[in-house]
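Chains as they are written, first to last, in this note's numbering: chain A, 1 to 408; chain B, 1 to 408.
Certain hints may be false.
Same chains, same label: a pair holds when it works inside one copy or across any pair of copies.
[What the hints assert, rightly or not] Straight-line Cα separation of at most 30 Å, DSBU-like style, residue types lysine-lysine; simulated pairs:
#, residue 1, residue 2
1, K367, K31
2, K294, K70
3, K338, K63
4, K250, K367
5, K208, K367
No lab work stands behind these hints, which were simulated from the structure alone.
There are 2 protein chains.
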Amino acid sequence: MTKMIEGGVCAAQGFRAAGIHVGVKTHNTEKKDLALIVSDVDCAAAAVYTTNVVKAAPIHVDKAHLADGKARAIVANSGNANACAPHGEENAERMCAAAARAVGCRAEDVAVSSTGVIGQTLRIEVIENGMAELAAQLSHSAEGSDAAAHAIMTTDTVKKEVALETVIGGKTVRMGGIAKGSGMIHPNMGTMLCFLTTDCAISPAMIKAALLETVTVSFNRISVDGDTSTNDSCIVLANGLAGNPEITEKNEDYAAFAAALKELCTILARKMASDGEGAKHLITCTVTGAADEKSAETISKSVISSTLTKAAIFGADANWGRVLCAMGYSGETFDPDKVDVHFASAAGDILVCSQGRGLDFDEDKAKAILTEHDVEINIAMGEGQGSCTCWGCDITYDYIQINGDYRT
Amino acid sequence: MTKMIEGGVCAAQGFRAAGIHVGVKTHNTEKKDLALIVSDVDCAAAAVYTTNVVKAAPIHVDKAHLADGKARAIVANSGNANACAPHGEENAERMCAAAARAVGCRAEDVAVSSTGVIGQTLRIEVIENGMAELAAQLSHSAEGSDAAAHAIMTTDTVKKEVALETVIGGKTVRMGGIAKGSGMIHPNMGTMLCFLTTDCAISPAMIKAALLETVTVSFNRISVDGDTSTNDSCIVLANGLAGNPEITEKNEDYAAFAAALKELCTILARKMASDGEGAKHLITCTVTGAADEKSAETISKSVISSTLTKAAIFGADANWGRVLCAMGYSGETFDPDKVDVHFASAAGDILVCSQGRGLDFDEDKAKAILTEHDVEINIAMGEGQGSCTCWGCDITYDYIQINGDYRT
C-alpha cells in the first residue's frame, strides 16, 4: 500500500534541493531558472532520454556521466535548451563541474538537464556565478523541492510535484519527483524533464529496469502536441538510506518498488497532460477489448494525438466521428463495425457510437459532459482482451498564442 | 510543354459538369451540396482512396464500380460524409442509381463521393429528388466545372480548380480537375476529394498507373493537421476524345501524360495546403542532400506536420530549432551537425542554422520573410543526393474555432 505524502524530491531521506534565479531567463528576473538536487550519499542512478535524433548537449553528457549507474546530484536550468547551440557539450560539462565544486563531489557524478529555446548559446557564466548561492540554499525541507520544481518550469502554469511512501523489505521507503513539460509533449518523451529521488536501496541495474518499465506506461502515454523534443530526460536517484535489503533482482521487493514508481510517475504524467500549453481539458482515453495491449496503446495514442479530436474537445463538441477516424489511421487493423464509443466525465456518461454507427444521443447531455475539465473517451473494440489508457489535452487559442511567439 | 487553360473538369472534350443545392447542407440553402461530372462517352477510370481503416461507404461502392476500370460519371455531395452512418452503402448505391437514371448510363458506371460530418444518416431523398434538376444543368462550359467545384466545398474558403493542355501522340490533350479539402489533410490522403478528367486515350491499366505515380508526389506530400480522413478519394476519368493513339504501355506518350498529370495535381495539392482550415500561410518545405528521396520526403513531411513549427510560422517567428526538432523525430537517421536551414519568401532568403548550430541572424529580416503568405523552409542535409518538396500550412486561432464547433 502506498500513501501520498508531501515533500517532492525532498521527501526521501537524505535529499536536498534548491532553485533560484541566476539570469538564464533574461526577460523576467522573478522567475527561477536554476535547480539543484543533491543526495547526502552516493546513489544508484538511471535515466531515459528523448528518442529524437537531434539530442541536446546535456543528454550526451548525461549518457557519459551515468554510464557507471552512479550519481550524487542533478543540476538543471530553464530558459535555454542548450540544443543545437554553440559550445553545447562544453557548457553542459561546465554546469556539472560548477555543481560538483559547490556540493563537493566529482563532476562525473552530476547529471545535467536544460529546457527552453533551441539554438542559442547558454549563458554559462551566470550559471557558474550563481552556483554557490544555489548550493547555499539547499534544503531537506519541502521548500527545497518546491523551489527546484519552479526553477525547471518554462511555459508550465502549475508546478508538478508528487511524493509517496510505501513499505519495501519491512522498511518505509519514500520516493518523490518533480517534472516540467507542457509543450512538445508526445509519446516517447516530449519536452519533459522529470527528476525522481528515492531512499530505496536498489542496484543500478534494477533501478534502470524499473525506470524503463515505468516510463513506458506513464510518460510515454501522454501527448500534448505530437512534437517530441530534443531535451526530454527522466532521471532517478536512489540513495539507499531507507535501509531496506538492497533490491538486486526482480523479486517481490522489486515488484513493489516498480509498482510504486509507476503510481508516482502516472500522477506526474497526468499533471503534465493536464497542464499542456493552453489546455482547458485533460483528456483520458481508455481503449478496452483491443486485440492486445500494444494495439490498445497505439489506438489510444492516436486518439489523444488527433488535432481534430483535440479541437472538438476544446469546443465541447461530441464529434465522435473524429475518434473513429483517428482510430482508423492509427496503423492498427480492426473491425470498425464492432466499435462502441462513450464520452464521460463527472457530469455523466453517454454512448454516442454503437457498433461503428452513430446514435441519436442527447446533445445537451453530451455538451455538459464535455464541458468538465477532466473528460474521458472510452472505446470498446470487441476484438480481444487488450486495454490501455493514455492522456492528452485539448488544443486551444492559447496554445497558438503561446507557440506563435515563444522566443520573444 | 504544357499550357494552363480555363475550364476545370470541363476543359477536356466531351465532359459536362454541374452543381446545385439540394438540401444535404441544412443550415445554409445558398451553398451548393451536390455535384455531377459526366462524360459523353465511356471512360477508362481509376481511383485512389484513403488508407484509413475506417472507410466511408462511398469508397466501398467505388471499389466495386471501378473494378472493371470503366466509368461514365461521378456524383458527389458535401455536408455529410456518409461514413459510420446508418444505411451507408445502401445510400451510396442509391446516389449512383439516381445519377445513372438522370444521365442514362448504368449505375455501375457511376463513382460516388461524400464529404462532411461523420456518423449521421445521409438525406438520400433530397439527393434523389434533386438529381433531375442537377442533370438538367450539366454544361460543357467552364461554368459547369465552377458549379461542381463549389458543390464539393465544406470549410474550404476558395474553389480549387485547374486545367492544362499538352500534346501527346501529335494530338492536343486536355486535362482538368476540381478538388476540395482543407481540414483532415495529411500525407496518404486527408479529407480531400479530387476529380480529374482528360480526353487522352489511355487504357485503364495505364491511367491507374499514372494516377498512383501522381498521388504519391502531389496529394501525399501535403499536410494540414495530421488527420487522415475516412473519405479521401481521387478519381480520374479519361474518355479518349483527344484522338491520340491510345496509351497502353509505359512509352514516351505515357511519360508525357504522367508528367502533365503530376503538374496538374501538384497545383491542386498546393491550393489545398494553402487553403488549410484557418491557414494564413502556405509552407513549402524542400529538403535537399538527404540520403535518398524517401528520407527527404519523410523529413520534409515531419517538418510541415509539426504543430510547433506551424505555430511558429503563424507567429512569423524564425524558430528554426523546431525545424531541427521535427527532423529529429521523423524516424530518419542523419547527422544534425551537417544541417543548414534557410527561411525564404518573396521578401528574401536568410540562413538561420549552419552545420546544426544557430547563427546570429537579422531578426527583422527573418520576420519580414515569414510575414509573407507563401514561405519556404529550405533544408540542406549534406548526407546524399535525395531531395523532396512537401506543402503544409500554419495553425491559427481560426483553425481552432472552425474545428471546435464543426458539427453545429
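Should K208 paired with K367 be assigned to within, between, both, or neither, using CA atoms and 30 Å as the limit? Answer is neither: 44 Å inside a copy and 45 Å across each miss the 30 Å cutoff.
Between K294 and K70, at a C-alpha cutoff of 30 Å, which is it: within one copy, between copies, both, or neither? Neither: 33 Å inside a chain and 42 Å across chains, both beyond 30 Å.
Within a copy, between copies, both or neither: where do K250 and K367 come within 30 Å Cα-Cα? Classified as neither: same-chain Cα gap 47 Å, cross-chain 56 Å, threshold 30 Å.
Tell me, please, which holds for K338 and K63 at an alpha-carbon limit of 30 Å: within, between, both or neither? Close across copies (22 Å), not inside one copy (46 Å); limit 30 Å.
At most 30 Å between alpha carbons: which applies to K367 and K31, within, between, both or neither? between (38 Å within a copy, 28 Å between copies)
Checked against the numbered hints given earlier, this structure breaks hints 2, 4 and 5; the rest are met.
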